[in-house]
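**Q** Given next are the chains, with one letter for each unit.
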Amino acid sequence: MRAVREADAAAIEHAVGSASRVLGLGRLALALWDPGLTRLSVVAEARMGEVRMLTPAQPLAVDGVGDRAFNLRRTVVGSERPNERGRVAAAVPLCDGELTLGVLELSGDAPLAEADVARLEALAPLVTRVVQHSRLVSRLDRERAIVAALADVRAAATQATDPGRCGSLICARLEAILPGVRVSLYVMAPGGGQVEYLAAGSAQAWLTEWRAIPLGGDNIVTRAVVAADFEPQRTLGHEAAARYGMLDSVAVSLCDGPHAFGVLIASSPQRIETEALELLATSARAASVGLALALGVDAQRRAERRARLLATLALADPPDGVRPEAALAWLRGLARSAGEATSSRCLLAVPGTPGGATPLGTPRLGERALEAVQRARSSGQSVRDGHPCTLLAIPISVGSPGAQLELGVLTMETNARAIDPEDEALLTTLVGRVAAAVERGRLAEARRRAEREKDEVLSIVAHELRTPITSLQGFAAASLAGIGGASEARTRRAFEIIERQARRMGGLVSDLLDVTRIERGQLELRRERVDLCALSREAIERVSATAPRHQFELRASGEACAHVDPTRVEQLLLNLIGNAVRYSPAGGPVTVQVVREEAGAVRVDVRDQGVGVLPADRARIFERFQRSAGPDQAGEPGLGLGLYIAREIAVRHGGTLWLAESEVGRGSVFSFRLGGEA
Amino acid sequence: MRRVLIVEDDADISELLTLMVVDAGGEPLRAFAGDEAVAAVAAAGEVAVAIVDLSVPRLKGSALVAALAAQVAHVVVVSAARDAELVASAHKVRACFTKPFDVQALRRCLTELLSGDQSQRDLPPRTA
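Here the protein sequences line up with chains R and Y, keeping their order. Be aware that the first sequence starts at 1, since it is given in the numbering used here, and climbs by one per residue. Be aware that the second sequence starts at 679, since it is given in the numbering used here, and climbs by one per residue.
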C-alpha cells in the first residue's frame with residue numbers, strides 16, 4: 001500500500017509546490033509515516049516550485065534531521081552537520097494534535113538563514129492540513145471499499161446454500177478486492193483434528209497438497225483455530241510459502257459462536273499489509289455467518305435425506321432372503337438411493353463367480369476402492385480410508401463366525417467432504433437390513449430342511465420297525481392259527497424268533513434315544529479303567545453268536561487299558577463289528593486289532609473283507625440316518641445310526657473314529673483311538 | 679405239489695412265509711436276492727406262485743416283478759416299500775400285502791391260488 005493514494009496526490013503536489021515557491025531556495029521534501037513500515041519516507045520533493053512525486057517513497061535526504069524532528073516534535077536544524085552531499089537541512093514536524101503525521105524538510109547547499117527556517121515553520125501547518133485532508137479522504141475511500149467488499153462477501157456468503165459454491169464466491173470476491181492475494185477456505189473435518197479444503201478463488205493448482213491440513217504443532221492454521229477460542233477472527237501470523245511462489249501467508253479463523261469451524265487462508269507474492277489483514281479479518285467475520293449457514297443447511301439437508309431414506313427403508317419389505325441375489329439386488333438399489341441422499345458414491349461389490357475368473361467388484365470401482373474392498377473382505381471389518389475419511393468399505397456377511405456366508409462389500413466415496421458418522425450409520429443400517437433378510441431366509445430354509453429331514457427320519461424309522469413287527473405279528477398270528485402245526489419245537493421256534501425280533505426293535509429304539517441324548521449333549525460317561533483287549537473279546541463273542549458264516553480274530557497281546565465308559569465303548573465295538581458282519585454278506589474273516597500307542601492311547605482297528613465303501617459315501621456314512629449304498633446292496637437294514645453313534649462315543653471320550661482303509665469289493669478298516677493325553 | 683417261490687431277504691420273515699406255504703399245501707423254494715429268484719425259477723421249471731418282497735439285494739422292485747411275472751403263474755407282493763401297491767398294479771400282480779401283513783388274509787390268498795385249476799389257464803406259454 002502506497003503512502004499517498006493517487007486521489008490525494010494532486011492536493012499534496014499542489015501544497016508542496018506552493019510551499020517551495022514561497023521558500024524560493026533549496027530542496028523541499030515531504031516525508032510521511034508509512035502505514036506499513038516503521039520509517040519516514042519522502043513522498044514528494046520540490047525545487048523552486050517544481051514538484052516531483054516519488055513512487056515508491058524514498059528515504060529522507062539528510063540523515064537524522066527528519067527523524068529527530070519527528071521524534072522530538074519540534075523544528076530541528078541540521079546546519080552544524082552537513083550530510084554527505086555537503087548540504088545543510090532543517091526539518092519541521094507536521095503535528096495533528098497528539099499525532100505526528102510526518103516532516104517537512106528543507107535542504108540547501110548553503111547554511112539556512114533564520115528567516116528561511118521561520119518561513120518553513122510557518123508553512124508547516126498549511127501542509128499539515130493538506131496531508132490531514134488527504135488522509136481523511138484516503139481513509140474514507142478505504143473504508144468505503146471495505147464496506148463494499150464486506151457487502152459483496154456477505155452477499156456471496158448468503159447467496160449460495162451449497163457450502164462449496166458459497167466458499168468459491170467468497171474467495172473470488174476477496175481476490176478481486178485484494179489484487180495478487182490468493183484466498184482459500186478450509187472447514188473443520190468431522191471429529192476435529194484437521195481442517196479440510198472447501199473452496200478456493202483462482203488458484204486451485206497450488207492447493208493440491210493442501211487438501212487437508214492437520215491441526216496441532218506450530219503452524220498458522222493451528223494458531224488461527226486455537227486462538228479463535230480467545231479472540232475470534234484474529235489474523236494470526238505470517239508464514240512464508242516460497243515453494244508456491246508466495247512470500248506471505250496468513251490464516252484467519254472462521255467462527256460460528258465461540259469456536260472456530262474453519263480458517264480462511266490468504267497468500268500473496270508480496271507482503272500482506274495491515275490494511276489487507278484488517279480487510280481479511282473483517283471479511284472472514286462476514287463470510288463466517290453465511291458459510292456456517294450454508295454448512296448447516298447442507299448438513300441439515302443431508303440429514304433430512306438420510307432420515308427419509310431410513311424411514312422408507314423401515315417401511316420397505318425386504319426381499320425373500322432365501323436367494324441372496326435378490327437381497328443384493330435390493331441393496332444395490334438402496335446403495336444408489338444412499339448415494340443420492342448423502343451426495344456420495346455408494347457401490348456394492350460382490351464376490352466373483354465360484355469359478356473365480358471374475359474379479360471382485362464392478363468396473364466402476366476405482367483402484368483405491370477396490371483395494372479397500374479387498375482389505376474389508378480379508379479382515380471382515382469396515383475399512384476407512386483417507387484423512388479425513390473419504391472412502392468407507394463395509395463387508396456384508398451372515399452366519400456365525402467360522403460358518404460365514406460372504407455377500408459382498410458396500411462402499412461409499414465422497415468428494416470435497418468427509419464421510420461423517422451419520423453417513424456410516426446409514427450404510428451400517430442398510431447392510432444390517434440386508435444381512436438380516438438373508439439370515440432370515442437362511443433360517444427359513446434351514447427350518448424347511450429340518451422339517452424334510454424329520455419326515456425322512458420318521459419314514460426310515462417306520463420302515464425299519466415294520467420288519468421286526470412283521471415277524472412278531474406274523475409268528476404270533478401263525479402260532480395262534482396253528483399254521484405249521486402245534487408241536488412244542490414249532491412253538492419254541494416261534495417264540496425264539498419273537499424274542500429276537502423284539503430285542504431288535506428294542507435296539508432300534510435305544511439307538512434313537514441315543515441320538516436324542518447326543519443331540520442334547522446328554523450322553524453321559526461313567527469312566528473307569530477298562531482293558532480294551534478284554535472288551536473287544538467280549539464284543540466279538542456276542543456278535544459271533546449270531547453270525548455263523550464269519551470267522552473272527554482278535555489280535556491283541558496283554559492288556560491295553562484306557563479310562564473309558566465300558567458300556568459305551570462296548571456299544572462302539574458292537575456297532576463296528578456288527579457293521580463288518582452286515583457289510584460282508586458272503587461271510588469271511590473279521591479281524592479286531594488292539595494296538596497300544598504312545599502316551600497311553602489305545603487304537604482299535606476293525607477289518608472286514610466285505611463290500612467296502614464307495615468313495616462318494618466316505619464322509620456321509622458318519623452322519624445320522626445315512627447308510628452306505630454298496631455296489632450291489634439293496635440298502636442294508638438298519639437306521640443308519642451305528643457309525644454316527646460310534647463316532648460320537650469316541651468324540652465324547654476325547655478320542656477319534658475314522659475310516660482307515662476301504663476298497664470297493666475288498667473290504668474296509670474302521671479305526672478308533674481312545675485315552676492318552678490328547 | 680405246486681411250487682411256491684419265496685423272495686425275501688429277512689431270514690425270519692422268509693421262515694414265516696415258508697411255514698405258510700407249507701400250510702397252504704405248496705412246495706416252498708427260497709431266494710434271498712433278486713437274481714437268486716430268477717435263477718431259482720429257471721432251475722425249477724414250473725412255479726405256481728412267487729411271493730415277492732420288493733426290497734431285496736441286486737435285482738429288485740419293478741424289474742424283479744417284471745422278470746418273475748413272465749415265468750410264474752401268479753405273483754404276490756409282500757413288501758414294506760411305499761410304492762409296493764403302485765408296482766403291483768403296474769404288473770397286474772395277483773395280490774399285494776403291506777408289511778406287517780395280515781397272516782389270515784395271505785393264508786386265504788395262498789390257499790385259493792394253490793387249489794383249483796383256474797390258475798393253470800392263466801399260466802403264460804413257456805418259452806424255454
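In case anyone wonders, no lab produced these hints; they're calculated from the structure. Worth double-checking, as some hints may not be accurate.
To list a few chain Y residues with every Cβ distance to chain R over 10 Å, as calculated [as the list claims (entries may be wrong)]:
id, residue
1, Glu693
2, Pro735
3, Pro778
Simulated restraints on C-beta separations [said to hold, decoys possible]:
id, chain 1, residue 1, chain 2, residue 2, range
4, Y, Arg736, R, Ala436, 31 to 37 Å
5, R, Cys561, Y, Val700, 51 to 57 Å
6, R, Glu559, Y, Val700, 20 to 26 Å
7, R, Arg442, Y, Arg736, 38 to 44 Å
8, Y, Arg736, R, Glu524, 51 to 57 Å
9, R, Ser487, Y, Arg736, 33 to 39 Å
10, Y, Val700, R, Ala450, 28 to 34 Å
11, R, Ser544, Y, Gly703, 16 to 22 Å
12, R, Glu623, Y, Val700, 41 to 47 Å
13, Y, Val700, R, Leu512, 32 to 38 Å
We put the CB at the ideal spot given by N, CA and C, even for glycine.
**Q** The structure should be examined with respect to each hint, and the outcome stated for every one.
**A** Results of checking the hints against the structure:
With a least beta-carbon separation of about 7 Å from chain R, glutamate 693/Y fails to lie farther than 10 Å from that chain, contradicting its non-interface assignment. A Cβ of chain R approaches the Cβ of proline 735/Y within 10 Å, the least distance being about 4 Å, so the stated non-interface status is violated. Against chain R, the non-interface label of proline 778/Y is violated: not every CB pair exceeds 10 Å, the least being about 4 Å. A hinted range of 31 to 37 Å is violated for the C-beta pair arginine 736/Y and alanine 436/R, which are about 52 Å apart.
Distance hint check for cysteine 561/R and valine 700/Y: the Cβ-Cβ separation is about 54 Å, which falls inside the suggested range of 51 to 57 Å. Look at glutamate 559/R against valine 700/Y: about 53 Å separates their beta carbons, and that is not inside 20 to 26 Å. With their beta carbons about 42 Å apart, arginine 442/R and arginine 736/Y fall inside the hinted range of 38 to 44 Å. Look at arginine 736/Y against glutamate 524/R: about 43 Å separates their beta carbons, and that is not inside 51 to 57 Å.
For the hinted restraint 33 to 39 Å between serine 487/R and arginine 736/Y, the CB-CB distance of approximately 36 Å keeps it satisfied. For valine 700/Y and alanine 450/R, the hinted distance range of 28 to 34 Å is not satisfied, since their beta carbons lie about 49 Å from each other. Range check, serine 544/R to glycine 703/Y: Cβ separation about 39 Å, and the 16 to 22 Å hint is violated. Hint check: glutamate 623/R to valine 700/Y, Cβ distance near 44 Å, so the stated range 41 to 47 Å holds.
Between valine 700/Y and leucine 512/R, the C-beta spacing of about 37 Å keeps the proposed range 32 to 38 Å intact.
In summary, the numbered hints that this structure violates are 1, 2, 3, 4, 6, 8, 10 and 11.
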